[in-house]
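Participant: Chain by chain, the residues:
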Amino acid sequence: MTTTNHIFPAGRTFMQRKSLSKLARREIHWGLAFLSPWIFGFLVFTLIPMVVSLIFSFTNYNPIHPGQTKFIGLTNWLRLFTDPFMTQAWKVTLRFALISVPLSILFPLGLAVLVNSEYLFAKNIFRTLFYLPTMIPIVVSVIIWGGIMNSETGWLNRAIEFLLPVQGPRWYQDEFWVIPALTIMGFWGVGNAMVVMLAGLQGVPTELYDAAKVDGATGWQRFFHITLPMISPVIFYQLMLSLIGSFQYFTQAYIIGNGRGDPNGATLFYNLYLYRVAFNFLDMGYGATLAWAMFIIVLILTIVLFKTQNRWVYYAGGE
Amino acid sequence: MKTQSASRAPFTWSSKRALRKLTATALVTLLGLTVLTIFLAPLAYMTFTSLKTQKQIADSTILPVSPATYTYQGRNYPILNVPTEKGMQQLALVKAGREASDFVDPENPEAGLIHWVGRWRVLEPVYVWDPTFDNFPASWKQINLGRLFRNTLIIAILGTIGTLLSSIVVAYGFSRFRIPGIEIMFIILIATIILPRQVTLIPTYIFFRAIGWGGTWWPLIIPHFFANAYNVFLLRQYFRAIPRDLDEAAMIDGATPLQTLLYVIIPQSVPAITAVGLFHFFFAWNDFFEPLIYLQGREDLYTISIGMTQFANIFNTQPGLATAAAMMTIALPVLMFFLAQRAFMQGIVITGVEK
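Keeping their order, the protein sequence lines are chains A and B. With the working numbering applied, the first sequence corresponds to residues 1 to 319, in that order. With the working numbering applied, the second sequence corresponds to residues 1 to 355, in that order.
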């Protein structure tokens with residue numbers, strides 16, 4: 001962020017003055033007035049609820065009989081490690097993340113390269129149409145894909161059975177195949193990632209490619225030695241978003257699994273389990289614990305990712 | 001390309017290059033079309049299914065078609081593809097027999113019955129395009145789609161107004177004012193992007209219930225009047241790119257900061273403001289979790305996302321209705337997206353690339 005400097009050009013010297021000029025005070029008053037919606041909202045809808053949530057995690061709060069709320073120490077937190085449903089939720093979430101996080105980078109990257117190609121005719125139409133399904137509400141896409149992945153009449157199994165000598169799986173109803181089914185469905189939501197990666201590709205200076213061409217680099221070499229390093233910040237950003245997204249995954253799992261994680265717990269994602277604990281079993285103390293644990297996990301993941309980034313993420317212009 | 005050696009003599013260097021470019025364009029575009037066709041096939045599936053009757057769905061043809069029939073001497077007979085000495089003919093089966101049958105040619109019924117030796121059961125029926133539009137009004141009525149639309153629109157529009165008002169004002173505050181601690185506040189704002197909303201969920205839920213907002217739309221609207229990190233970030237980036245000379249000129253003319261915002265900054269930022277408005281509109285249109293918890297049991301207040309789950313459950317028995325409702329549900333967002341895609345995509349780029 002090199003641009004920060006000219007935003008607050010006189011900031012330092014201005015603050016060092018003992019008494020603020022009338023003009024500066026006026027600026028502060030106006031500025032605070034403009035910031036006040038956010039400051040109020042941050043306190044009321046973020047900071048205070050966060051703290052209260054943390055306090056809840058040490059209680060057995062249940063909204064049906066709030067009078068019986070007691071502090072129960074670390075009971076909820078220790079329960080995280082012994083709760084069999086929690087283990088299941090972990091398994092489901094990690095399995096999903098392992099399959100779909102890499103694909104959520106590779107697929108939009110492939111699309112971005114395609115719609116950025118100088119050889120593609122009518123690029124803008126392709127971009128718009130590849131983005132289009134991202135607009136479709138998740139409930140609707142679960143319905144449509146449910147038809148596509150219907151085990152008998154769905155187009156997917158018809159295609160599989162046409163191409164291969166096997167029977168297609170019962171996608172939504174099969175404990176093993178439901179996660180791949182959700183992953184396939186996820187391809188429909190790659191529009192944002194594609195657009196961001198496309199912008200990344202377009203930001204690579206053409207001189208670099210020209211220089212590499214002069215040196216005799218092939219297309220693949222140019223892609224792996226120029227394009228990928230140059231867009232690694234964008235890939236990093238997407239990686240972070242989709243990892244965090246795995247923990248927040250809810251709607252698709254809720255609809256396919258009838259809100260219970262069907263078939264047989266195979267869609268009991270972390271966030272779905274949190275919802276069940278807090279809003280079905282009304283065990284809001286433990287629900288708050290699950291929420292805070294999620295926050296801690298996401299925070300650790302973010303920190304770990306940021307630590308690894310200087311090994312593989314290249315920021316042009318240093319810093 | 002391997003083709004270059006073959007095309008040596010008649011081409012000059014530049015036309016050879018043009019040919020190569022043409023080949024590459026054809027190949028890449030073909031690849032693009034293939035991927036796109038597979039990618040959008042579910043939309044075709046949705047469209048075709050919404051135009052089918054239950055019987056056509058049971059027949060499981062790809063298109064909304066029905067077996068063709070022909071009325072001969074007052075009765076309906078199925079039309080089949082019959083291989084004859086004149087090639088494949090489309091004939092109506094009038095008298096079916098085990099080893100031989102009698103047909104009539106619908107093009108030329110006066111010629112009378114055609115005797116054909118062979119098993120008619122192995123013949124393919126002729127299908128004709130036969131869509132039905134009954135699924136649209138039927139599904140509209142079944143889940144009261146009119147009410148769902150109205151509810152969702154009210155929530156989405158009020159929330160969009162709130163988001164725009166608050167995010168513009170706050171972004172202006174972050175982009176133009178020297179306030180002690182503003183940099184720390186901005187870092188806090190950005191940090192809330194990675195904060196999972198579940199962390200604040202339970203106390204917020206209890207709070208809204210306690211003030212009597214459980215089972216109302218208020219929890220889905222009011223919080224958006226207090227700005228959100230993504231939108232503030234996007235608008236601030238945009239506002240910062242507007243030259244300061246412009247607002248300084250306005251200030252010298254005696255404009256207050258509010259007037260500067262209204263008459264200088266906002267008119268210059270229409271694309272970014274459009275993007276923010278659209279982001280929120282689509283968010284509200286698609287949001288599932290919050291309506292699910294706040295509108296539980298209030299069917300009259302349901303939004304489209306929640307109302308549509310009914311169809312997710314009965315999909316296997318009524319795919320025609322479910323896909324018809326799906327088509328009507330996505331029509332508005334898709335139309336809006338086509339109209340405003342430029343501003344929309346720019347917005348994504350600003351939030352996604354320029355961290």
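Simulated from the structure, these hints should not be mistaken for laboratory data. We treat Cβ as the ideally placed atom computed from N, Cα and C, and that holds for glycine. Hints may contain errors.
[Said to hold, decoys possible] Computed cross-link-like contacts, DSS-like style, restricted to lysine-lysine with a CA-CA straight-line distance of at most 30 Å: (1) B:K55 to A:K213; (2) B:K141 to A:K123; (3) A:K123 to A:K213; (4) A:K123 to B:K86; (5) B:K16 to B:K141; (6) A:K91 to A:K307; (7) B:K55 to B:K95; (8) B:K21 to A:K213.
[As the list claims (entries may be wrong)] Ranges between beta-carbon positions, derived for each pair: (9) A:I99 to B:N316: 22 to 28 Å; (10) B:T34 to A:W77: 19 to 25 Å; (11) A:I99 to B:R150: 50 to 56 Å; (12) B:D59 to A:R311: 55 to 61 Å; (13) A:I300 to B:I188: 42 to 48 Å.
Participant: Of the numbered hints stated previously, which ones are contradicted by the structure, given in increasing order?
Facilitator: 1, 2, 4, 5, 10, 11, 13
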